[in-house]
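J.: Sequences are here, hints too, so could you generate the full structure?
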Amino acid sequence: MRNLLRPFRFIAVIFFMFAFLLTMTAVWAVVRGHWRRVRWSNSILTRYCRLGLKVLKVKVNYRGLENYASVPNALFVCNHLSYMDVLVIHARVPACFVTSREIRETPVLGQVCQVAGCLFVERRNKNNIHAEVSEISAGLREGLNVCIFPEATSTNGEQILRFRRPLYVAALDAPAAVLPICLNYHTVGGEPINQRTRDKICWYGDMDFVSHLWALAGSGGVNADLIFMPPIHPVSTDDATQLAERSQAAVESVFRPVKKETASSQDAVV
Numbered sequence: 540m541r542n543l544l545r546p547f548r549f550i551a552v553i554f555f556m557f558a559f560l561l562t563m564t565a566v567w568a569v570v571r572g573h574w575r576r577v578r579w580s581n582s583i584l585t586r587y588c589r590l591g592l593k594v595l596k597v598k599v600n601y602r603g604l605e606n607y608a609s610v611p612n613a614l615f616v617c618n619h620l621s622y623m624d625v626l627v628i629h630a631r632v633p634a635c636f637v638t639s640r641e642i643r644e645t646p647v648l649g650q651v652c653q654v655a656g657c658l659f660v661e662r663r664n665k666n667n668i669h670a671e672v673s674e675i676s677a678g679l680r681e682g683l684n685v686c687i688f689p690e691a692t693s694t695n696g697e698q699i700l701r702f703r704r705p706l707y708v709a710a711l712d713a714p715a716a717v718l719p720i721c722l723n724y725h726t727v728g729g730e731p732i733n734q735r736t737r738d739k740i741c742w743y744g745d746m747d748f749v750s751h752l753w754a755l756a757g758s759g760g761v762n763a764d765l766i767f768m769p770p771i772h773p774v775s776t777d778d779a780t781q782l783a784e785r786s787q788a789a790v791e792s793v794f795r796p797v798k799k800e801t802a803s804s805q806d807a808v809v
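Each residue of the sequence shown is one higher than the one before, counting from 540 in our numbering.
Do not take every clue at face value.
Heads up, simulated SDA-like pairs for lysine to any residue below, C-alpha to C-alpha not over 25 Å straight-line [stated by the list, open to error]: (1) 739 with 798; (2) 739 with 723; (3) 593 with 748; (4) 598 with 554; (5) 739 with 796; (6) 739 with 693; (7) 593 with 754.
Honestly, the hints are just simulated from the structure, not real lab data.
T.: Spelled out as C-alpha cells, the structure:
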C-alpha cells in the first residue's frame with residue numbers, strides 16, 4: 540500500500556511547492572514593502588506546510604505551547620535534522636527561516652525558500668555577517684518570528700553540534716527573546732528511529748533532495764515531537780556566546796539522540 544501511494548504523495552508535495560511558488564509570485568507582484576510581503580509569505584506558507592504534513596503522514600505532538608504564547612515574537616533556535624524540520628515548525632509557528640546560500644542554489648527548493656521570505660546567510664564567507672545579522676534584527680523589530688538552526692547544518696541525529704553564536708547578536712540588537720525549541724523524530728513507517736531507519740527522515744551530508752523525498756513519500760508516515768522551551772530574555776550583561784550556550788543546554792535537556800542498534804537487533808534484520 541505504501542508503494543502504491545508513494546507516487547501520489549510525491550507528486551502532491553511537488554505540486555504544493557510549485558503552487559506556492561506561483562501564489563507567492565503573484566502576491567509579491569501586488570504587495571508592496573518587503574516586510575509586508577514576508578508576512579503574507581509566512582501566513583500562506585503555514586497552510587501549505589500543514590497540507591504537506593498531512594500528505595506525508597507526519598504527525599506532530601506540539602508540547603510547551605504556553606512558552607510559545609508567552610512572547611509576542613522571538614528568535615527561535617532549533618536542532619536541525621532534515622528539510623522536514625521547516626514544515627514541522629512552520630505548520631505551528633509562522634516564521635522567517637534563516638538558511639544557507641547553498642540551499643538558495645538548490646533547484647526548486649531554493650526558489651521556494653526565496654518567495655517564502657527566508658533570510659540567507661553565506662556560511663562560506665564571514666564578510667557579510669554584519670549585514671545578515673542586521674536583516675534578522677530588522678525582522679525581529681518588525682514583530683516577526685525568526686527561526687535559525689544554530690548548528691549551521693543538518694545532522695544524522697546522533698548528537699547536537701555546538702550552537703554557533705553569530706546570529707544570536709540579532710536578538711541582542713532587536714532586542715528580542717530567544718526561544719529554544721527541540722525537534723525529536725520518534726518513528727518512521729511504524730519503526731523507531733535508529734541508525735538503520737534514520738535516513739528515511741534525516742537529510743544531511745550530500746543526500747539528494749529529490750531521491751530522499753521519494754523515499755520519504757513511501758516511508759509510511761512519521762511521528763515527531765516539537766518541544767517549546769521557556770524563553771530566554773536577554774539582559775544587558777548577556778552576550779551572544781551566553782545565549783548560544785544557554786539555548787543549547789535547554790535543547791539538549793529534551794533531545795533524544797538516534798539509538799544505536801544492538802547486536803541482537805542487527806541479527807534480527809539479517
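J.: All hints, please: hold or fail.
T.: Hint check:
{"no.": "1", "hint": "739 with 798", "in the structure": "15 Å, holds"}
{"no.": "2", "hint": "739 with 723", "in the structure": "14 Å, holds"}
{"no.": "3", "hint": "593 with 748", "in the structure": "19 Å, holds"}
{"no.": "4", "hint": "598 with 554", "in the structure": "21 Å, holds"}
{"no.": "5", "hint": "739 with 796", "in the structure": "16 Å, holds"}
{"no.": "6", "hint": "739 with 693", "in the structure": "14 Å, holds"}
{"no.": "7", "hint": "593 with 754", "in the structure": "16 Å, holds"}
Checked against the numbered hints listed earlier, the structure breaks none of them; every hint is satisfied.
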